[in-house]
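Asker: Top to bottom, those sequences are chains V and A.
Note that the working numbering has the first sequence beginning at 8, numbered continuously upward.
Note that the working numbering has the second sequence beginning at 122, numbered continuously upward.
Okay, derived cross-link-like pairs now, SDA-like style, lysine to any residue, Cα gap no bigger than 20 Å in a straight line:
#: 1; chain 1: A; residue 1: Lys257; chain 2: V; residue 2: Gly141
#: 2; chain 1: A; residue 1: Lys257; chain 2: V; residue 2: Ala186
#: 3; chain 1: V; residue 1: Lys225; chain 2: A; residue 2: Thr239
#: 4; chain 1: V; residue 1: Lys225; chain 2: A; residue 2: Asp287
#: 5; chain 1: A; residue 1: Lys257; chain 2: V; residue 2: Glu193
#: 6; chain 1: A; residue 1: Lys176; chain 2: A; residue 2: Ser127
#: 7; chain 1: A; residue 1: Lys295; chain 2: V; residue 2: Asp226
#: 8; chain 1: A; residue 1: Lys257; chain 2: V; residue 2: Asp189
#: 9; chain 1: A; residue 1: Lys194; chain 2: A; residue 2: Ser127
#: 10; chain 1: A; residue 1: Lys295; chain 2: V; residue 2: Ser51
#: 11; chain 1: V; residue 1: Lys225; chain 2: A; residue 2: Gln235
#: 12; chain 1: V; residue 1: Lys225; chain 2: A; residue 2: His288
#: 13; chain 1: A; residue 1: Lys257; chain 2: A; residue 2: Thr150
#: 14; chain 1: V; residue 1: Lys225; chain 2: A; residue 2: Lys295
#: 15; chain 1: V; residue 1: Lys225; chain 2: A; residue 2: Trp292
#: 16; chain 1: A; residue 1: Lys257; chain 2: V; residue 2: His197
#: 17; chain 1: A; residue 1: Lys176; chain 2: A; residue 2: Glu145
#: 18; chain 1: A; residue 1: Lys194; chain 2: A; residue 2: Glu169
#: 19; chain 1: V; residue 1: Lys128; chain 2: V; residue 2: Leu109
#: 20; chain 1: A; residue 1: Lys257; chain 2: V; residue 2: Asp219
#: 21; chain 1: V; residue 1: Lys225; chain 2: A; residue 2: Trp285
#: 22; chain 1: A; residue 1: Lys176; chain 2: A; residue 2: Gln135
#: 23; chain 1: A; residue 1: Lys257; chain 2: V; residue 2: Asp200
#: 24; chain 1: V; residue 1: Lys17; chain 2: V; residue 2: Asn77
#: 25; chain 1: V; residue 1: Lys225; chain 2: A; residue 2: Arg294
#: 26; chain 1: V; residue 1: Lys225; chain 2: A; residue 2: Met232
#: 27; chain 1: A; residue 1: Lys176; chain 2: A; residue 2: His133
#: 28; chain 1: A; residue 1: Lys295; chain 2: V; residue 2: Pro50
#: 29; chain 1: A; residue 1: Lys257; chain 2: V; residue 2: Ala201
#: 30; chain 1: A; residue 1: Lys257; chain 2: V; residue 2: Gly190
#: 31; chain 1: A; residue 1: Lys194; chain 2: A; residue 2: Arg125
#: 32; chain 1: V; residue 1: Lys67; chain 2: V; residue 2: Gly23
#: 33; chain 1: A; residue 1: Lys295; chain 2: V; residue 2: His210
Simulated from the structure, these hints should not be mistaken for laboratory data.
Quick caveat, the model's predicted, so the values are computed rather than measured.
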Amino acid sequence: MSDQVLQLRKVCMTYGNGANSVGALRDINLDVSAGEFVAVMGPSGSGKSSLLTLAGGLEKATSGDIYVENTPLGALNINELARLRRRAIGYVFQDFNLVPSLTAVENVALPRELDGVPSRKARRQAMDALRSVGIDELADRFMDQISGGQRQRVAIARAIVGQRRLILADEPTGALDTASGDGIMEVLRHRADAGCAVVLVTHEARHAGWADRVLFLKDGRIVDQAAQSYDPTDLLELPAN
Amino acid sequence: MSIRHSLLALLHDQPMYGYQLRSEFEERTGSTWPLNIGQVYTTLDRLERDGLAIKDGDDGEGHVVYRITASGKAEVSQWFAAPVVATNPPRNELAIKLSLAMTLDNVDVEMLLQAQRTASMRNLQTYTRQRREAAKSDSNDSQDVAWILVLDSLVFGAEAEIRWLDHCEGWLRKHRFRTSKSPASHAAEPTNATKEPTR
Numbered sequence: 008m009s010d011q012v013l014q015l016r017k018v019c020m021t022y023g024n025g026a027n028s029v030g031a032l033r034d035i036n037l038d039v040s041a042g043e044f045v046a047v048m049g050p051s052g053s054g055k056s057s058l059l060t061l062a063g064g065l066e067k068a069t070s071g072d073i074y075v076e077n078t079p080l081g082a083l084n085i086n087e088l089a090r091l092r093r094r095a096i097g098y099v100f101q102d103f104n105l106v107p108s109l110t111a112v113e114n115v116a117l118p119r120e121l122d123g124v125p126s127r128k129a130r131r132q133a134m135d136a137l138r139s140v141g142i143d144e145l146a147d148r149f150m151d152q153i154s155g156g157q158r159q160r161v162a163i164a165r166a167i168v169g170q171r172r173l174i175l176a177d178e179p180t181g182a183l184d185t186a187s188g189d190g191i192m193e194v195l196r197h198r199a200d201a202g203c204a205v206v207l208v209t210h211e212a213r214h215a216g217w218a219d220r221v222l223f224l225k226d227g228r229i230v231d232q233a234a235q236s237y238d239p240t241d242l243l244e245l246p247a248n
Numbered sequence: 122m123s124i125r126h127s128l129l130a131l132l133h134d135q136p137m138y139g140y141q142l143r144s145e146f147e148e149r150t151g152s153t154w155p156l157n158i159g160q161v162y163t164t165l166d167r168l169e170r171d172g173l174a175i176k177d178g179d180d181g182e183g184h185v186v187y188r189i190t191a192s193g194k195a196e197v198s199q200w201f202a203a204p205v206v207a208t209n210p211p212r213n214e215l216a217i218k219l220s221l222a223m224t225l226d227n228v229d230v231e232m233l234l235q236a237q238r239t240a241s242m243r244n245l246q247t248y249t250r251q252r253r254e255a256a257k258s259d260s261n262d263s264q265d266v267a268w269i270l271v272l273d274s275l276v277f278g279a280e281a282e283i284r285w286l287d288h289c290e291g292w293l294r295k296h297r298f299r300t301s302k303s304p305a306s307h308a309a310e311p312t313n314a315t316k317e318p319t320r
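So here's chain A without its partners, still in its complex pose:
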């Protein structure tokens, strides 16, 4: 996640101080990726160093306000115009764990798959409930819309994970590749016990 570009994009909207930027970021993304205030100030220092933002006095209450520069605006436009391309597959602990489980002895793969599916389903239920609650407001407020879209992304992500687990299980059944030979001592600790996103 590019904190640098996210903060710059918010400054493009209007000049803001550090705490304001943090709460704007969290409001617009449903607090799904909480920001440390230290991270915010370090990033603002770097934006200033690179000529993308400048200090613009204070707000009368002692908060230092930052304003985007012309170069900063160009950088934001470029960020939005460029697709996010993962040059390498992102590190996925579940994929790594499962690949190893399928090729190592003494791991009960079916149990591992089921424990993970249950955990992923619980996440999906939580996201679906929150999505339903969020949609009830029927609001066009940009922050509500952003929150709903973040939840949609989490729903689709959890759904994809479960589909992939089903696929792995189907593959396993088809090939009967060393299934449940021995009850594994380390089979059922699900990965990605996601915290409920809050807002």
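Next comes chain V alone, as it looks inside the complex:
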């Protein structure tokens, strides 16, 4: 078994037919392993969001194969795909997509309950997830009683609840101020360090700087990538504390 949480093999996505078809993604190969934080950058229309949509099984690729935790998405029927998404994949959106009439802990517990987990256990798992993003004390607040940055933390808690190992975040800081945006990056970084595979789509270089690897998309292709070097001699020169 591979330690890759997400794998894309020769993935193409085309919208429309014949002369009117538009290629959103062409021949994408990508591996994201457990504990890795990958950022995807590129101009509007380069295919960033399409890549995330396909990786999350929300759309079907025109060709190629996508594996989430070694399961080929193309081989699953609708119900199996929905089950895999609830079990393995967490989404974080720019506009949070939280239910305003539910409290923070109820929002986070919701996907577990939909997955048939008894509500007491779901709540316990939701509290664990809220704790891991640093806002368990806000568990009983409603969405209009907390700030934008706190709402996005609730959304991340919902994305990771129940041991989901793949987090897909689409411009999660778009609606936040700079300090809250940095806080969200810190949470995503911690999640990756704790063993999740994180894929972040962003147009903010500052946020991509938190990633281990940055992919540059252009016209549906990966044209380059920047990976951090971890030269041990550099690390020795970091502050001792």
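Chain A: place on chain V using the hints.
Answerer: For chain A alone, kept in the frame of chain V given last:
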């Protein structure tokens, strides 16, 4: 960078000898701009010549200690009070290279932009990681604070550079100004391969 004023500002804090001044300067700026000890002694000679510092005996181990004078203190106050104004745009190799690339034939500008963006992003990742490590200590020590602020400055600088590269690419796409006409033989050598700042 004014070494003269930086050393004088450190002497304002307390009398010091040459090596001490160098290590204080490097500690407070995260060794981002390493100083040659020869530069330090030349600068101390000039500070003494200009009446801004004087020799003040030795420390008992043979090191000549320098002390700031009243004129030196006034000079430091003036330096901190005056904003840094660049009367001419600083020489920016990347801006020069790109301006030339956009107006010369046989240069693949898009490739040049991408190679530079990748290099700048790698710098940004390194600075961000070091910033994260530095912030973990949660210290109020003035040297740690200075190091974090230097890293912030590097992060903002790298971010600005990438934004500018994105802007150039957007401009290029909009105007379709001679893009990738021919694969350039000299397109992808990124400028500013910054060394990882050390401390």
